[in-house]
Amino acid sequence: MVTKGFAKHYYLMLLPGFIWLTLFSIVPMFGIVIAFQDFNPGLGMFHSDWVGLENFRYMFTLNDSKTVFVNTLFIAVMKIIANMIVPLVFALMLNELRIAILKRWVQTIVYLPHFLSWVILSGILLDVLSYKGPVNGILGIFGISPTLFFAKAELFPFIIVGSDVWKEFGFNTIIFLAALTGINPSLYEAAAIDGASRWQRLWHVTLPGIITTVILLSVLSLGNVLNAGFDQIFNLYNPLVYSSGDIIDTWVYRTGLLNLQYGLATAMGLLKSVISFVLITTSYFLAAKFANYRIF
Amino acid sequence: MSKSKKSMMLLLAGMLVVLSACSDAGKTKESPKASAVPAATGGTQTAAGSGEAGPFAKSAKPITIKIGKDVDAADKSLPAGDSPESNPYTRYIKENLNIDTKIVWQAATGKDYDQKVNLSIASNDLPDALVVKDTQFRQMVKSGQLADLTEVYNKYASPALKHIIETTQGLALKSVTVDGKMYALPNVTTESDMVHMMWIRKDWLDKLGLQPPKTMDDLEKVAKAFVEQDPDGNGKADTIGITGPQLGGLLNADFINPNNNNYGFDPIFASYHSYPGFWVKGADGKTAYGSLQPETKQALSKLRDLYAKGLIDKEMTIRKDAQELIKNGTSGIYFGLWWAGGYGPLADAIKNNPKANWQAYAAPLDVNGEFTPHMGNPTNQYLVVRKGYEHPEAAIQMENLLLRDESKFDVKVNIGNYPLRIVFAPMDEMDVTYKMIKEVLAGTKKPEELDLPGYKLLKADAENIKKVKLEPYDKLDIQYWNPNADLGAWKRMYSTLVGMAPLQQPYKKMYSVTYSQTKTTESKWATLDKLEKETFLKIIMGAAPLDSFDKFVQDWKKQGGDQILAEIDEIAK
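Sequence order for the protein chains is A and B. When the letters of the first sequence are read in order and numbered with our numbering, they come out as residues 22 to 317. When the letters of the second sequence are read in order and numbered with our numbering, they come out as residues -2 to 570.
Honestly, the hints are just simulated from the structure, not real lab data. Even for Gly, the Cβ is constructed at its ideal location relative to N, Cα and C. Please note that the accuracy of each hint is not assured.
[Unchecked claim] Once the Cα atoms are required to be at most 27 Å apart in a straight line, the calculated DSS-like pairs of lysine-lysine come out as:
1) K178/B with K293/A
2) K63/B with K204/B
3) K324/B with K283/B
4) K173/A with K527/B
5) K317/B with K153/A
[What the hints assert, rightly or not] Only part of the chain B face toward chain A is listed, based on derived beta-carbon distances under 8 Å:
6) N115
7) I118
8) D145
9) I315
10) Q356
11) A523
12) P542
13) L543
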């Protein structure tokens, strides 16, 4: 049958993705064994000495482990919440804007930072928040003495979350705007005829119209909860803010690559993967339950 | 004196033997003299075809050596069309030794290069030869990734090279020998690469009517004046007293990285007899760790005080590049090596402001008025060869050639483009250079008389000095120099005369009990070191109370420090 032929041809399009996944996600998984070894690059994964759970035992004796775990969780959860609320509110506000051209301009401008890498944005941020930078300049006008923002451990997570939202909210807004266009305009007309105010229309028509999208996105982001953003933090942090800004990924990088403690770093990375796996499974289950979202 | 003369004679004798051996083996009609002088003409077929080993033997068949290379992003000296892989130096190597250098990867000098080396080690995907640091070298030996160079070194290292390594009295060889096998070619730096001192804007001092600071109190007074009294005269309160280490930089050098810690606070620590990061002799005769001593707490307290008063760069360790402050004339004081002047940021600093008169002093002094810097060790770079590479001698020959001909190279092309370059300098190189240059300026020595073997740049220095130094020769302030005549020569000569002058007075050299690592350092040091560096940084920058020092001392001992200390004490016996 013709349809059958078509289907096969579509399956072929899966191939590049499949190869990519195998090469970059499945093959490297075997590296996990390093977590149970006293890894010796000269001998390789197959011949290095096994040490059982020694790396994990040592990892749990370090104060660092708790710190980076808490930091990761805190930063990631904050990011998920902020990256949900800000774009949603912004999308709703844009949706109420009646001047089409202004709407398009605003949309374009706010999503521009999304296309810049953290290497560039971190340079800008470090400058803006530096001791003699514009932010301290403005605070100075109000008589507030200058602060060294990037030396304050208690501020660092908020700078991270804030700047992440600044970079991404414009882009995330697009998803919500797309969902908003899916709402049948006749619902608004009907509500208007029934005498609903603008606020009531938002509350009773718009929000219920996009609530499934919101739930879906929040649930899916759970799987990402331990990815607090290596690029961003790596480019912005310094030893003074390790206590509040060091996350699992940056810690693994420093331990494994800079200090050559391969086993320890892999053990921590593995722990992260296990926890992430649990979270992804949970979020898939939740997504199926609340948003009726299923892959299989 | 007589000792150095004797070794010089031995060296000359050794050279003659080898040279005649070469020419015999080569069965050519060239005189030993001709084969000793290399090269610009090229193609001296000294030992071609004979297969006989020799420091400068040109291989009959082309040898390829694959290397990893650090490149200086700021280096614009390569001629058009040339690259780090193909430039006057690589062609020179090809011409003289028939060695093709191939770059398998390159990374920016510094942190990027280190990481790339680490990656290569971790993935066991090594180029044929590499220049690595101490910790990397140790990791590679442990992983069995390196070729045993003992035999190759004996056979191929040139007498000049061996002589320089011998001037360290076994220190250099000891650092690369594991279980009786030599796993790397160690570099040797001049002793003056270990002494950190104070560089200061003398024109600012003059403007404010101040004397160069001697004690810590003077230093604080001067720094305060630099911050508050607008020394650059632009009407804005935008000057910084003391530059601090940049992001990723070290507050102080330590026994693993004892040399070349520019922009750290080493002299300030030393003025309190505090030697953080080094193994010191305690009052009880046992080895102690400098970072735990009460003197260190005292020094930290002072630094904390200076920082709180705004006399140290507020943004130290967050800044990406501490040099900027010196180049753009914002900062008035920094700590560094003799070469941290001309070779460092000063070439750009005087471009921006030709009157920026940076001078070096052995300061601050301790309570007894003595300068008591910590010393380093002569080896900090390791040239290693991958296990299984067929021509380990190629790497050594390239160093022979570099050492012999460095003075003849046209340094317009940055010497960093020489593949696998590691520094070879007799321990006293800079002191000798300083004295000889003084003699040349005084007219008591002529450049021709200064072709001393081993002191590779001396003759060139003697020829260059009068190009850039203006009369009167004994005045070193910036107005008595002419950098524009030859900036390359100026960099070296300014560093030499200004940077080495403070070290001509006697000073108290404080050596670490050891510079090598023990078994436990391999597994525990990273954690302890992190604890120390973070605690100290937080104390100085006011992010943690001074008394967190006491907790650090306890934690350090508990988390494996006592074990390491015991092992170090064992080595010291």
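Okay, the hints, checked on the actual structure:
no. : hint               : result
1   : K178/B with K293/A : 41 Å, violated
2   : K63/B with K204/B  : 55 Å, violated
3   : K324/B with K283/B : 45 Å, violated
4   : K173/A with K527/B : 19 Å, holds
5   : K317/B with K153/A : 15 Å, holds
6   : N115               : 5 Å, holds
7   : I118               : 6 Å, holds
8   : D145               : 14 Å, violated
9   : I315               : 5 Å, holds
10  : Q356               : 28 Å, violated
11  : A523               : 4 Å, holds
12  : P542               : 14 Å, violated
13  : L543               : 16 Å, violated
The structure fails hints 1, 2, 3, 8, 10, 12 and 13 (numbered hints given earlier, in ascending order).
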